[in-house]
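Q: Given these sequences and hints, build the entire structure.
Residue numbers (the numbering used here), protein chains in the order written: chain A, 1 to 218; chain B, 219 to 507.
Just so you know, the hints here were simulated from the structure itself, not pulled from any lab data. Just to be clear, a hint being listed does not mean it is correct.
Unchecked claim - To give a feel for the contact side, a few chain A residues facing chain B, derived at Cβ under 8 Å:
(1) 104
(2) 125
(3) 138
(4) 186
(5) 190
Stated by the list, open to error - Computed list of lysine-lysine pairs in DSS-like fashion (alpha-carbon distance at most 30 Å, straight line):
(6) A/157 x A/121
(7) B/490 x A/182
(8) B/467 x B/490
(9) B/467 x B/443
(10) B/490 x A/121
(11) B/467 x B/363
Just so you know, even glycine gets a beta-carbon here, dropped at the ideal spot from N, CA and C.
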Amino acid sequence: MRGRAIGVAGVLIVLLALVALYIFDFLVVTPPALSATMQNGSAHLTLQTVPAFGHTPDPDWVSYLAEDQQGHWQHTTIYRVPAHTLVTVTVYQYDSATGLRNPFLAQVRGTQGATATYNGKSFSTLNPDLASHTFTVPDLGISVPLPGISANAPASKVCGAAPCPLSDAHTTITFSFMSPGKGNYRWQCFVPCAASFYFGFGGPMQTLGWMSGEIEVA
Amino acid sequence: MSAGAAIARAGDGEPRHGVRIAILWAVFTVIAVPLVIFVIGPHIPPFDRSVQSEDQHNVNVVLSTLAVPIVGLIWVYFGYSIAVFRNRGSEIVDGPPLTSEPRIQITWLAVTSVLVLGLATYGTIGLFGSSHGAGGGQGPDPLAKPPASTHPLQVQVIGQQWLWTFRYPSYGGVETAQLVVPANRWIEFHVTSLDVDHSFWAYELGVKADAIPGSDNVAYLDATKTGTFQVRCAELCGLFHGHMNSYGKVVSQTDFASWAVAREHQFAAITKLLPPYSTVYYPDPQRRG
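A: Below, the structure written as structure tokens:
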């Protein structure tokens with residue numbers, strides 16, 4: 001009888017420890033911060049969005065990646081930029097269009113000139129149905145819709161796993177903004193692009209490091 | 219010693235505990251009530267930025283004040299019991315048996331009935347007289363509305379994971395990321411959501427209304443002072459629920475008209491791509507990635 005009680009207590013302790021570990025991991029462990037590359041006094045961030053990460057722990061999840069200063073793609077959404085500096089962002093976008101739930105986010109806001117470029121051409125408003133993702137920093141009033149790749153892109157050219165090569169079908173979006181003072185500013189994608197999740201907003205949309213993150217202004 | 223003898227002895231020569239407790243309670247109440255009204259009261263939110271918030275502030279002060287004698291009675295009785303009735307090492311004996319006391323029962327029923335009915339009347343008058351169901355969550359047709367002659371300005375509040383946006387049907391249905399409202403004019407908020415449940419809460423203005431997909435929840439505001447206020451989500455709605463906040467502004471009616479016209483021009487291109495103004499939206503299709 002006593003041995004059974006000890007066994008039950010042991011199992012309970014292990015279960016509680018696992019729950020505590022899970023909560024600790026969720027609260028404390030975040031993706032590593034990636035610093036922007038500095039060139040001629042301005043900061044540069046190079047990002048890519050992939051339709052499927054292609055690796056563990058969630059190979060099917062859509063995600064952002066960022067290029068580090070050595071030219072390697074890192075799976076992180078925490079970006080570090082200097083304060084009061086012009087930040088230029090280049091996004092290689094490999095996903096197809098899903099469309100915006102709120103068309104208001106189809107306009108470019110908060111960037112230099114309130115515009116962005118799409119494959120080299122300036123634009124300020126996108127057809128909401130053509131948006132694949134957005135890069136939106138609500139507290140800074142910045143929002144840029146990212147056009148999806150053509151629906152007619154050959155399957156062999158659709159990227160299947162990160163990092164995606166430039167030879168795969170993609171769109172290129174660039175924009176610039178002035179970084180504010182020190183602080184952390186969350187950013188996220190506003191397209192409901194999490195396939196097979198409730199309202200397209202579960203999984204990668206609810207997990208830091210995939211379709212949302214922070215801009216650390218240092 | 220029999221139990222009956224012990225009980226009889228326990229009641230003999232006892233001081234009048236009830237009178238003592240009543241005196242202590244009265245002293246506590248006389249000191250605490252003015253403190254709550256005049257010292258703590260002015261610091262109880264949501265202050266006086268709007269008719270609604272001032273009304274709620276007053277309700278909070280009144281309820282806090284009414285709670286003082288009740289809390290005081292519990293504390294005094296508790297403290298008195300610990301001090302006077304504690305066991306001092308003597309033999310533990312049973313107290314006198316409890317018997318029914320009709321006077322106490324009638325008094326208890328009368329006092330609680332008066333309190334509850336009085337508060338219900340007070341709250342109903344507040345709801346109908348000034349708050350007009352602000353944050354009452356009464357759906358598209360609230361029981362209490364401002365007079366039709368006030369011609370309230372309609373402002374739509376749209377929640378989505380994790381952003382508030384606002385539409386102004388009087389200005390071409392323009393949508394903005396910032397809430398700006400004029401002072402001294404009735405505002406009729408139409409609160410809805412595009413995905414999951416949210417709750418629109420401009421607590422400094424005393425407005426809180428659930429944002430439910432497919433539902434038009436109406437709340438009213440009459441802001442009396444200009445300045446900024448916080449807009450928060452008060453319904454746990456996912457990863458960035460804690461970040462689903464922004465700042466709004468109450469400005470003069472002239473400044474509001476200028477601001478709204480400027481936004482109408484600034485966002486003309488995107489306004490054309492918005493769905494026609496509606497009290498609810500069912501994004502079609504409900505895109506799921």
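Q: With a cut-off of 30 Å on the C-alpha distance, tell me whether residue 490 of chain B and residue 121 of chain A pass.
A: holds (22 Å)
Q: Hold the hint about residue 125 of chain A up to the distance rule: shortest CB distance to chain B must be less than 8 Å.
A: For residue 125 of chain A, the interface hint holds, since the closest Cβ of chain B sits about 5 Å away, which is under 8 Å.
Q: Would the hint on residue 186 of chain A stand, with a C-beta cut-off of 8 Å toward chain B?
A: holds (5 Å)
Q: Let me know if the C-beta of residue 190 of chain A comes in closer than 8 Å to any C-beta of chain B, holds or violated.
A: Cβ of residue 190 of chain A sits 7 Å from chain B, so the hint holds.
Q: Decide if the proposed pair is consistent with the structure: residue 490 of chain B and residue 182 of chain A, CA atoms, cutoff 30 Å inclusive.
A: Not satisfied, since the Cα-Cα distance of roughly 37 Å exceeds 30 Å.
Q: Please verify that hint: residue 138 of chain A, Cβ, nearest Cβ of chain B, below 8 Å or not.
A: holds (6 Å)
Q: Run the distance test for residue 467 of chain B versus residue 490 of chain B: straight-line Cα separation, threshold 30 Å.
A: Within the cut-off at roughly 26 Å; holds.
Q: Minimum Cβ distance from residue 104 of chain A to chain B below 8 Å?
A: Holds - the Cβ of residue 104 of chain A comes within 8 Å of chain B, reaching about 5 Å at its closest.
Q: Need the status of pair residue 157 of chain A, residue 121 of chain A: alpha-carbon distance at most 30 Å?
A: holds (23 Å)
Q: Quick one, are residue 467 of chain B and residue 443 of chain B close enough, alpha carbons at most 30 Å?
A: Holds, because 10 Å separates the two Cα atoms, which is no more than 30 Å.
Q: Starting from residue 467 of chain B, check that the Cα of residue 363 of chain B is at most 30 Å away, please.
A: With Cα atoms ~23 Å apart, residue 467 of chain B and residue 363 of chain B stay inside 30 Å; holds.
Hint 7 alone, counting from the list given before, is not met by this structure.
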